[in-house]
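Visitor: Sequences and hints are given; from them, build the entire structure.
Number of protein chains: 2
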Amino acid sequence: MRSREVPLLLRYRVAPSLALAAVLVAAARAEAPSLFGFGPEAGATQRALEERFDAGLDPALLREWMKRLTAHPHPVGSPFGREVAEFVAGRFREWGFDTSIETFDVLFPTPRTRLVEMVSPERHRARLAEPALEGDATSGQTAEQLPLYNAYSVDGDVTGDLVYVNYGVPADYEELERRGIDVRGKIVIARYGGSWRGIKPKVAAERGAAGCLIYSDPRDDGYFQGDVYPKGAFRGEWGAQRGSVADMPLHPGDPLTPGVGATSEARRLDRGAAATLTKIPVLPLPWGDALPLLRALGGPIAPEAWRGALPITYHLGPGPARVRLKVEFNWRLVPARDVIARLPGAEQPEQWVLRGNHHDAWVNGAEDPVSGLVALMAEARAVGRLAREGWRPRRTIIYAAWDAEEPGLLGSTEWAEAHAEELRTRLVAYVNTDSNGRGFLSAGGSPSLERFVDEAAREVRDPQRGVSIAERQRARELLDAAPTARREIRERPGLRLDALGSGSDYTPFLQHLGVASLNLGFGGEDRGGSYHSIYDSFDHYSRFGDLDSAYGVTLARLGGRLVLRLANAEILPFDFTPLADAVARYAEEVEALDRRLREETEEQNRLLREGTLVTAADPKDPFVPPAPRPAVPYINFAPLQNAVERLRASASGYAEALSARRGKPIDLAHRQELDRALRAVEPALTDARGLPDRPWFRHLVYAPGFYTGYAVKTLPGVREALEGRNWARAEEQVAAVAARLEAAAAVIDRAAERLPTAP
Amino acid sequence: MRSREVPLLLRYRVAPSLALAAVLVAAARAEAPSLFGFGPEAGATQRALEERFDAGLDPALLREWMKRLTAHPHPVGSPFGREVAEFVAGRFREWGFDTSIETFDVLFPTPRTRLVEMVSPERHRARLAEPALEGDATSGQTAEQLPLYNAYSVDGDVTGDLVYVNYGVPADYEELERRGIDVRGKIVIARYGGSWRGIKPKVAAERGAAGCLIYSDPRDDGYFQGDVYPKGAFRGEWGAQRGSVADMPLHPGDPLTPGVGATSEARRLDRGAAATLTKIPVLPLPWGDALPLLRALGGPIAPEAWRGALPITYHLGPGPARVRLKVEFNWRLVPARDVIARLPGAEQPEQWVLRGNHHDAWVNGAEDPVSGLVALMAEARAVGRLAREGWRPRRTIIYAAWDAEEPGLLGSTEWAEAHAEELRTRLVAYVNTDSNGRGFLSAGGSPSLERFVDEAAREVRDPQRGVSIAERQRARELLDAAPTARREIRERPGLRLDALGSGSDYTPFLQHLGVASLNLGFGGEDRGGSYHSIYDSFDHYSRFGDLDSAYGVTLARLGGRLVLRLANAEILPFDFTPLADAVARYAEEVEALDRRLREETEEQNRLLREGTLVTAADPKDPFVPPAPRPAVPYINFAPLQNAVERLRASASGYAEALSARRGKPIDLAHRQELDRALRAVEPALTDARGLPDRPWFRHLVYAPGFYTGYAVKTLPGVREALEGRNWARAEEQVAAVAARLEAAAAVIDRAAERLPTAP
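In order, the protein sequence lines correspond to chains H and S.
Under numbering that gives the first Met the number 0, residues 0 to 758 are what the first sequence spells out, in order.
Under numbering that gives the first Met the number 0, residues 0 to 758 are what the second sequence spells out, in order.
I should point out that these hints are in silico values taken from the structure, not numbers from a laboratory.
Hints may contain errors.
Pairs involving identical chains hold if they fit within one copy or between any two copies, as the list cannot separate such chains.
[To be verified] Okay, derived cross-link-like pairs now, DSS-like style, lysine-lysine, Cα gap no bigger than 27 Å in a straight line:
id, residue 1, residue 2
1, Lys619, Lys230
2, Lys66, Lys619
3, Lys230, Lys66
4, Lys278, Lys325
All of these numbers come straight from a predicted model, not from anything done at the bench.
Guide: Printed below as a string of structure tokens:
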């Protein structure tokens, strides 16, 4: 690991040679400091271009577009959804992009019957409706609103005793087991949070439950967090969260066409064979509907961490509350309309830089996704202006507005699957945004782009505090960290990209195609509870979001810089040292996980042997001690450790070779060759066999967790095999990851060889 | 530090010599193992006595007495309080004790006027009353119940904007300051918990508040914790907590007679000069009364940890809620009646073993204190039976039932002050109990008695699980500990006594007189919310407490063993190694505190210097960065470290000398001398100058915290000087503690010299 004590400028911008001290001083004096991927001259030109780009951003336009695009609900397949796509396409065209709307036919169920009724100890029928509110102009568009439901629930009509399962993740069911509670044949009620929502019915079904309700506890996004809408931003008694419950960790996209684009000719699965539909019926509830059900539960008191903010004693059940859940859906194919806008590259048109944000919304979607979409539009408009003024990018720039993200990344996934071959050979990087708000930069993505993002984030100012967005993010991170963790943050050379799991449109590009990807946004100072409700409206966002579009413009500044630099760079701005560092950290984590599992298993077995668990248990409470578990064997991590060292050496070799060039110009032929080599590093981290039990996910470094849904699992094959105590699989996966890291190292070596040395 | 790897039996019962292996084997085989403080013969006799003692315990009697003693409210000065004292005295007499009722005249205010009214934004007057409940037979005894109030609040009539201050401890006011909120002239509303209640008005007054309300949030003992009374055991909407708010960390006991017994002739302070009365008016509220006030607060949202379980968004204020608080009291002297029952010792009547529990209650007091009182009575009755059968203790046994504990340990404190000289020369140890319940042993006290208590706790069976109460406690402690802390618990030779702060009648004996003391009780499996309310009734306790008196009898078994062994031991069962170990731990803690303060101060100053706090702050929220603080100097802990080593050496020396005797008999003259020396160790830990700013508290190892009230501060002079950043005082206190530890070591050396060696 290289030293972290060297001042940043020295480390990043010049080779570590005393002879270069003069260069360093000169660089520090120069008005335009060096730019990663550009020689001094090209860098100066690029910065001048970016100044013109910035001048083309107008916050008033973002607000105007948001007002227009949130005027009506616009889920996939809706009339206003079509208008949104056409409006966005029209703007792209107007701004000079070669624009098309590419349509896929995707399965999108909408509800026909929704019933939740407590049948005993008393009858009570859930309202399942969000009321119109005065002061929220669009909340009364009832006819156009999708009702409260969870997409890709199966049809069903089930009745059973109710059990409260907290967040409904596997650990919660272990707690229930210890109390002797079995959910077989029961209706479970889980609260939102703690996992992606689709995990809840998946785990419930695995445990034998007959149906699943998911409600919004005020502890998590209601009055416990802040005043409720319309007084404040948080979710009220009758607000609830729509959302997909497809088994996305298996694969996102259209459930009927896994792995291929859902074109009109595509072969479709029978619905019964679609693996990502739920196994049991599911519906979401506002807490106003959940309260009578939860209040009617008996049985043990819920563990303290399970209790929400409702003014009741949380019991677990089962029963005496007995609940009927009935749902039926219209199982229709609807058109998903992706807007694709191209600005062809002047020198390397076959190298593509892709920038996307979805345009569909569960309802009006001011925050999700329009706040991000209008930033992308502002960016495209300003790029278009540069083009109208005669500028052309070296590489092709593509702006995309995806449809059908909400039901499960359908627009982006089908497009990525339909164009997989082309994208694998052409796509340099994908830059994604989604909801945006007021606050702190959140940036995730491929570590090979970390230095590149850091450089741009140091140059974009935070609109509230005047420091750079990188500096503000670092301040937040410092304060949120335990004091003992602050040293590491202070000594880091720059920002660290978060590892990407899932939850937005980068997934098909990063985790299926293996394209280096980024996901960007701001937030943290405009928290609220309008997510996936009818109250995610222009009125709500105007009062509680990024009121003056200051962060919309900031996101456009950042996104625009990244796109323009990726498109124009003489040498694509990849640095693989952060990749090697990141993988080394992940490797340490899985080794630590193995140790922890061994220690915990030993300790648990010891407590069982000693009788401690029973001795300490209250005889008045039901208690079922867990079964002893086989000891955790030592896993051979050596292949992974060796591969990490190999990757680190290759990354250093490339960085040194790049440094040695000192920004000398590079001719087109070399650039083409180098682009191909650099672009090939991220795909080398994928395995065509995919992850165990979910071949669609091919990236062996990043995946959404099989039991977390959105939250990332790094080195997922290894980590999830350990978590599942499948030791043989863990060793296989160590070998598989090691092989991909070695392959990536070899590609990096090739790229280093292709770097023409300075004369 | 001695090794913790040696098996327990070897470590405790025989000297570490190979030649003694045979003894060890023999001891393990013997039916009656050795007994600490007794030779083999005396030990066997003692055990036979204890079997007879156990046979004299009858759970039905505990229940019968509880029913009788909780029939009416019996606070100090009440008619039924007098009946309780007389009933208990009558039983003691009946059982053969030489019994008297010793009366003190103490200040005990009761309310004349109580008003809490929100005057804006709307008018709302608090009910301040706990309603009678069906199914609770005594809850309707309105005429005899003390109303909801906090004793020793001053009179006052104040109006001000309301501010929510969480638990109202100093750290909470620092949080408020960071948000620019000043409580000067305001009415603060604090929730119960987080400190002893008397701290809340004390800190509020220090910060300039005009009045203080204290309410019971359902998060802490209401519906969040479990079903509310009468369905469950927890506090309902209109239940509230009475209690004293005198400044007990200054001194407990009668506010008008600090340091002397409140006899009829005692010189009394003017009420205006009484230091322990509050500075501002105070009243407690049920949450039903607090809810409208809290709901009417504006201002910033309370930090997450401050939010309770009420179905509102917790705001801090100040205002717009504006509140008037008016209280007036009858400031009367009332008689506090201590019941004192003596069983004179046959051989050393001038050596006293004292055993006490209070008899006064805020209302009916089934749990607090009758559950403990009836265990003490059962114990006294069984001891009395032994005496009637002809047995006599070697030393004098005194059973005490204290009055006026609830308003501030008045009965015990005045008695201890009135008899201070006699007690200092005669009292061998004090064994206290108070509320008792179902669950786990809780044992606190002087570490010199740790081995003694551990031995007895291994011999008393838990009535629910059949293992010893020591083993069950250890199982609970293991599970509650972080896995990393379990090794230390597993390797400990036996149970560890908790350090005593305050909150019950041991305080005058331990912390003022320096008598080795213990405090014992069971609980943890009968949690509820009846504390200091009219619902702490026989009905409540019979349904949710120690239903069948099984733990009452268990407490009597334990307490009786301790009393009988202390009274009969040939050599008083003190072991000073646990004392040295405990003080060594405390010394490490204060050194760690000093390091932590230095690191935190440096880090905080650094964050201020870097601007991180401001950069990360949300510009929409008020934020006042704290002022930088002077660096924390290094403190000279060497005197303390040296004194700890000296104490450790003396403790080992005594233990070795004791071991070498191998239980040989000891004649009366030697025993007398040895008793005096051993008894003198604990007083050596006191300093006649007392703690800084609170001379009544003389023990330099244990005190209730100046800002915690009940919770202990070990090495309080040093620790609180550090916490208050008074570095000069910290060094002075290090020297003062070191001197007392050296003195105690010298006394232990004297005791070792007085141990007649084996022939």
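Visitor: Each hint: holds or not?
Guide: These are the hints, each one checked on the structure:
Taking the shortest alpha-carbon separations for Lys619 and Lys230, only the inter-copy value of 16 Å comes in at or below 27 Å, while the best intra-copy value is 45 Å. In this assembly of identical chains, the alpha carbons of Lys66 and Lys619 lie at most 27 Å apart only when taken from different copies (24 Å versus 59 Å within one copy). For the homomeric pair Lys230 and Lys66, the shortest alpha-carbon distance inside one copy (21 Å) is at most 27 Å, but the shortest distance between copies (53 Å) is not. In this assembly of identical chains, Lys278 and Lys325 lie within 27 Å of each other by CA distance solely inside one copy; the values are 14 Å within and 63 Å between copies.
In this structure, none of the earlier numbered hints is contradicted; all agree with it.
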